[in-house]
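2 protein chains.
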Amino acid sequence: MKKRSTVLGIDIGGTNTVYGFVNNETEVCFSEQIPTHGSLPISDLLDRLQSGVAKFFDQNPHLELDGIGIGAPNGNYYTGMIQNPPNLSWGNVNIISEMNKRFGCKVKITNDANAAALGEKHYGIAKNMNDFIVITLGTGLGSGIFSSGRLLYGHDGFAGEMGHMPIKYGGRLCNCGNRGCLESYVSASGIRNTIREFLNQDPKNEFLIDVYGEKIDGGMLDDAFDSGNQIARKIYEYTGEKLGQGLAQAATLLSPEAFIFYGGFSNAGDRILKFAKESMNQNLINDHSERIRLLPSGLPQGKAGILGAASLILFD
Amino acid sequence: MKKRSTVLGIDIGGTNTVYGFVNNETEVCFSEQIPTHGSLPISDLLDRLQSGVAKFFDQNPHLELDGIGIGAPNGNYYTGMIQNPPNLSWGNVNIISEMNKRFGCKVKITNDANAAALGEKHYGIAKNMNDFIVITLGTGLGSGIFSSGRLLYGHDGFAGEMGHMPIKYGGRLCNCGNRGCLESYVSASGIRNTIREFLNQDPKNEFLIDVYGEKIDGGMLDDAFDSGNQIARKIYEYTGEKLGQGLAQAATLLSPEAFIFYGGFSNAGDRILKFAKESMNQNLINDHSERIRLLPSGLPQGKAGILGAASLILFD
Numbered sequence: 001m002k003k004r005s006t007v008l009g010i011d012i013g014g015t016n017t018v019y020g021f022v023n024n025e026t027e028v029c030f031s032e033q034i035p036t037h038g039s040l041p042i043s044d045l046l047d048r049l050q051s052g053v054a055k056f057f058d059q060n061p062h063l064e065l066d067g068i069g070i071g072a073p074n075g076n077y078y079t080g081m082i083q084n085p086p087n088l089s090w091g092n093v094n095i096i097s098e099m100n101k102r103f104g105c106k107v108k109i110t111n112d113a114n115a116a117a118l119g120e121k122h123y124g125i126a127k128n129m130n131d132f133i134v135i136t137l138g139t140g141l142g143s144g145i146f147s148s149g150r151l152l153y154g155h156d157g158f159a160g161e162m163g164h165m166p167i168k169y170g171g172r173l174c175n176c177g178n179r180g181c182l183e184s185y186v187s188a189s190g191i192r193n194t195i196r197e198f199l200n201q202d203p204k205n206e207f208l209i210d211v212y213g214e215k216i217d218g219g220m221l222d223d224a225f226d227s228g229n230q231i232a233r234k235i236y237e238y239t240g241e242k243l244g245q246g247l248a249q250a251a252t253l254l255s256p257e258a259f260i261f262y263g264g265f266s267n268a269g270d271r272i273l274k275f276a277k278e279s280m281n282q283n284l285i286n287d288h289s290e291r292i293r294l295l296p297s298g299l300p301q302g303k304a305g306i307l308g309a310a311s312l313i314l315f316d
Numbered sequence: 001m002k003k004r005s006t007v008l009g010i011d012i013g014g015t016n017t018v019y020g021f022v023n024n025e026t027e028v029c030f031s032e033q034i035p036t037h038g039s040l041p042i043s044d045l046l047d048r049l050q051s052g053v054a055k056f057f058d059q060n061p062h063l064e065l066d067g068i069g070i071g072a073p074n075g076n077y078y079t080g081m082i083q084n085p086p087n088l089s090w091g092n093v094n095i096i097s098e099m100n101k102r103f104g105c106k107v108k109i110t111n112d113a114n115a116a117a118l119g120e121k122h123y124g125i126a127k128n129m130n131d132f133i134v135i136t137l138g139t140g141l142g143s144g145i146f147s148s149g150r151l152l153y154g155h156d157g158f159a160g161e162m163g164h165m166p167i168k169y170g171g172r173l174c175n176c177g178n179r180g181c182l183e184s185y186v187s188a189s190g191i192r193n194t195i196r197e198f199l200n201q202d203p204k205n206e207f208l209i210d211v212y213g214e215k216i217d218g219g220m221l222d223d224a225f226d227s228g229n230q231i232a233r234k235i236y237e238y239t240g241e242k243l244g245q246g247l248a249q250a251a252t253l254l255s256p257e258a259f260i261f262y263g264g265f266s267n268a269g270d271r272i273l274k275f276a277k278e279s280m281n282q283n284l285i286n287d288h289s290e291r292i293r294l295l296p297s298g299l300p301q302g303k304a305g306i307l308g309a310a311s312l313i314l315f316d
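For the record, the sequence lines run as chains A and B. Here the numbering used here is used: position 48 in the first sequence is 48, and no number is missing along the way. Here the numbering used here is used: position 56 in the second sequence is 56, and no number is missing along the way.
By construction, these hints were calculated from the structure, which means they are not laboratory data. Quantities reported herein were computed from a predicted structural model and do not represent experimental measurements.
Given that identical chains are not distinguished, each listed pair holds provided it fits within a single copy or across any two copies.
Listed below are the simulated DSS-like cross-link pairs for lysine-lysine, each with C-alpha atoms no more than 25 Å apart in a straight line:
{"#": "1", "residue 1": "Lys274", "residue 2": "Lys168"}
{"#": "2", "residue 1": "Lys274", "residue 2": "Lys234"}
{"#": "3", "residue 1": "Lys234", "residue 2": "Lys168"}
{"#": "4", "residue 1": "Lys204", "residue 2": "Lys215"}
{"#": "5", "residue 1": "Lys2", "residue 2": "Lys106"}
{"#": "6", "residue 1": "Lys127", "residue 2": "Lys108"}
Build the full structure now, drawing on both the sequences and the hints.
Here it is, written out as structure tokens:
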């Protein structure tokens, strides 16, 4: 029996890792989510991945592994390394070489936001676009840039670090050590910063006390916003204003057709994007404004990462 | 006798227009500068260009015109239009069609900063670079972006408007109508704004009174800086700080190997770039800093524009 080939797509995140097998360039035929356990050595994650993959091929003897694509925080397409990922204790990992040893097939890597952008281009809402920017909104803010139909890597593979684009000099201290980065305002942790600032000004506000915790509950904020809570509205208005400033900077340089939003916090959708669009248009030169669309991703949460990672191999 | 083909490169500027003929892909065999006269209809400029070109071919009967490349303010590669150029009263001009009627050969256009970037890539300091950004410093600030060896145009041909990237929200009013654009701080007119602000704070300062005029004399500022004038130093320090903030924004998105500076005000060179580099590095995430070079253009003033415009045809 001739075996059919399949590609493994892996999306490594700060908390969870999802992986799946992609056939016929359009379909995830199996996918699973496992905890990343970023405080343990990466071999722990790779051991668990390896046994999950082995089990899959035991159950699917008609398939064989053709290659592996990986999206990971600080994954570098050129060096094949995961380089000092934030929130993971791994330091610098030569993931290509590690995976080659274990699986003996072609392996490619890029960062998680680039993988999401590849997913949107090959399987998602950006299929017919050549110039667009995917923004991943989660704990942090990442971005993947397509220009003239190609993903931009930059000189050293680190293009697209939009989360660390300064939007306010001398502004908030960011996890990266600099001040005023977009991510320090627009991300789950950025919104947490905003709530803390609001709480400093209004320490007895019950809604702010309720919503401020180790992790911010986006669903709770969304519900409060929808029921007309003015504080929730102010939080999203402030976040949207800052996001729009970052979008204006990127749009002025790159003139994309659309920004596409993906990731946990993008569920807030128009609640934030409406303010972001106003703020972006205010900060664009006249010829550009109203020409750039802000769109939610059409891909199911988790799938864009797998599909995008796999497309590193499938569309090589 | 078989004629040799030559390409006409035209660099239209706010004040002057330079044009020249490029042979063998490396040589400008004739060039001339004529006033643009931007307050007159564009036909005035094109009439003078046409008679200059006719005269050249009369004197060089062994050559024939193979094509025309144009760099112009707000020149759009996709539409073939010059679209509402600032400081020129032309509105929207279909320059490709105008030139076709007059010359009957292939014509291509891009904006002046993109032409300078093409000049650096094919004939200048960026010959061996794939990821770099050329910044033209003159009355305004323009930029042309190469990524992975290709010039970026964006969805609508307006990528690279770095001069209008907001670096300070609610900051200085820019000629474009927005506030806080990089150009309103870093350009001849931006430096004039800075001198006016300094003069408001210190209205009797003789150096500031001397240097503040309808046009700023860059040479006078350079000389004062070199002789240790503290006000000149402050002006360049402030300008460099703002430039570095803009460079940090662009570098975070695009991760280029180098920024290359071209145009009248780039003669200030290290006097401004030293401060710009410090400010850029302060605003970059750690992995990037010290990796990006700031370089003066190696091409003679005026030549990069002609060569870059011609390369639209020669390297098509």
